[in-house]
Amino acid sequence: MTDVIDTLAAIAPGSPLDAVRNMRPQARLQAQASHDSLFEPVSEADANKLERFAIACFVAGLHEQPQIAAFYGKGLVPAEAPAMLQAAIGAAVAAAKVAGPYGRYRKGPLSIEDQTGPVHRIAAPTREVLGPRLAAAFEHAHMLVFHPRDSAPSYLQALLDAGWSTTGIVVISQLVAFLAYQIRVVAGLRVLNARPA
Amino acid sequence: MTDKVLSPPDHVEPVVFSRDQLDWLPWLEPMAEQDLTARHMAGLVDAARAKSPYFRLLARDPEVLEARTRTDKDIFYNPEAGLPRAERELAAAVTSRFNGCIYCASVHARFAATYSKRAHDIDRLLADGVAADLDARWNAIVAASVALTSTPIVFGPEHVDGLRKVGLDDASIVDVINAASFFNWANRLMLSLGEPAAPPAKS
Numbered sequence: 172m173t174d175v176i177d178t179l180a181a182i183a184p185g186s187p188l189d190a191v192r193n194m195r196p197q198a199r200l201q202a203q204a205s206h207d208s209l210f211e212p213v214s215e216a217d218a219n220k221l222e223r224f225a226i227a228c229f230v231a232g233l234h235e236q237p238q239i240a241a242f243y244g245k246g247l248v249p250a251e252a253p254a255m256l257q258a259a260i261g262a263a264v265a266a267a268k269v270a271g272p273y274g275r276y277r278k279g280p281l282s283i284e285d286q287t288g289p290v291h292r293i294a295a296p297t298r299e300v301l302g303p304r305l306a307a308a309f310e311h312a313h314m315l316v317f318h319p320r321d322s323a324p325s326y327l328q329a330l331l332d333a334g335w336s337t338t339g340i341v342v343i344s345q346l347v348a349f350l351a352y353q354i355r356v357v358a359g360l361r362v363l364n365a366r367p368a
Numbered sequence: 005m006t007d008k009v010l011s012p013p014d015h016v017e018p019v020v021f022s023r024d025q026l027d028w029l030p031w032l033e034p035m036a037e038q039d040l041t042a043r044h045m046a047g048l049v050d051a052a053r054a055k056s057p058y059f060r061l062l063a064r065d066p067e068v069l070e071a072r073t074r075t076d077k078d079i080f081y082n083p084e085a086g087l088p089r090a091e092r093e094l095a096a097a098v099t100s101r102f103n104g105c106i107y108c109a110s111v112h113a114r115f116a117a118t119y120s121k122r123a124h125d126i127d128r129l130l131a132d133g134v135a136a137d138l139d140a141r142w143n144a145i146v147a148a149s150v151a152l153t154s155t156p157i158v159f160g161p162e163h164v165d166g167l168r169k170v171g172l173d174d175a176s177i178v179d180v181i182n183a184a185s186f187f188n189w190a191n192r193l194m195l196s197l198g199e200p201a202a203p204p205a206k207s
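Taken in sequence, the protein lines are chains A and B.
So the first sequence is numbered by our numbering: it starts at 172 and just counts up by one.
So the second sequence is numbered by our numbering: it starts at 5 and just counts up by one.
Any given hint could turn out to be false.
Claimed, not checked - Here are some of the chain A residues that sit facing chain B, going by a computed Cβ distance under 10 Å:
| id | residue |
| --- | --- |
| 1 | 192 |
| 2 | 207 |
| 3 | 280 |
| 4 | 335 |
| 5 | 347 |
As the list claims (entries may be wrong) - Cβ pair distances, simulated, as ranges:
| id | chain 1 | residue 1 | chain 2 | residue 2 | range |
| --- | --- | --- | --- | --- | --- |
| 6 | B | 10 | A | 173 | 35 to 41 Å |
| 7 | A | 368 | B | 204 | 49 to 55 Å |
| 8 | B | 29 | A | 213 | 27 to 33 Å |
| 9 | B | 119 | A | 365 | 30 to 36 Å |
| 10 | A | 173 | B | 119 | 34 to 40 Å |
| 11 | B | 29 | A | 173 | 38 to 44 Å |
| 12 | A | 219 | B | 158 | 32 to 38 Å |
| 13 | B | 124 | A | 238 | 40 to 46 Å |
| 14 | A | 287 | B | 20 | 16 to 22 Å |
Calculated from the structure, these hints are not laboratory results.
Given the structure is predicted, the values throughout are model-derived calculations rather than measurements.
Cβ atoms here follow ideal geometry from the backbone N, Cα and C, with glycine treated the same way.
All chains, please: the whole structure from these sequences, using the hints.
Right, here's the structure in full:
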């Protein structure tokens, strides 16, 4: 069975890093199980596969990881994404790049650490193609990726207003948060792989 | 029932990082305990987690919750080789401090302080942030965790060299990568689905 982290980090079977990864066998297996449960879900009732892969492409793009974005882009095809959608995701990524983590704390001693940054809004032509659900999901994903400490109930209300259910919000929150993990593991292992002791 | 955002009851909002035991109040409706099926209980992994609103909210997607929980446990609790538990917890606390997750930082600062017996250093990390000067080994772990937590990720060969210089082997470096990366997952859920509450002030 393919292990996505190994594939994306180019870890060959039998290599030194393969052996190191096997020292945490459950972490390895369950990272893959997390991936599978998000992208081959038991139920698509609250978030379908097209939505999941579109959000993944956007999130990988925000991390400036073209290879990972291309990997998730391949998932759009069997999910029957129209070509226009792929172009819209590309446009959404190009318009959304900043650097994080930034954000504000609740008013108090930590306010001196506040770092302001944009609250991202998807541009009208892109929104037109994405539709209200995905546009809202992308705006939420941007916050989760770059400025999670700005989280507030109003962000969840925006998702509900766009048609996401409570369970759907849990699913896409897990999706974006999982990708924040998976992309970092891949990035870290790539660096280590290229720097043998 | 129409899905809606919850208004948490009156509570004291923590406004500093600390090792205090905090509560967590959901912004979305967790599953009711009586509605948890065998599938949801499998997702919770530990039956005691059915008492936690956080885990009952995540139980709305039980398959990913189960896999996430088992990933978490192996990264932090597997005693074989690699980084001592104290320093895996340090990476988790640093990541949470840098992302700004007061709840996660409190939990993992407590673990890091307990396992390392360096509560004073952990408190300096909480108070001063990721620029706190701890010691050469901890500074290297902090720097690597911060580089991994930045978006875009700025972790590079210099961080690997820095970790090796203070004595980490590749298994330990992978533990730093796993622990910091995992808290980029955990922080985003804790921060975005609810809020921390401080224990009521003692009168």
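**Message:** Please list, smallest to largest, the hint numbers that this structure does not respect.
**Reply:** The structure conflicts with no hint, since it agrees with every one listed earlier.
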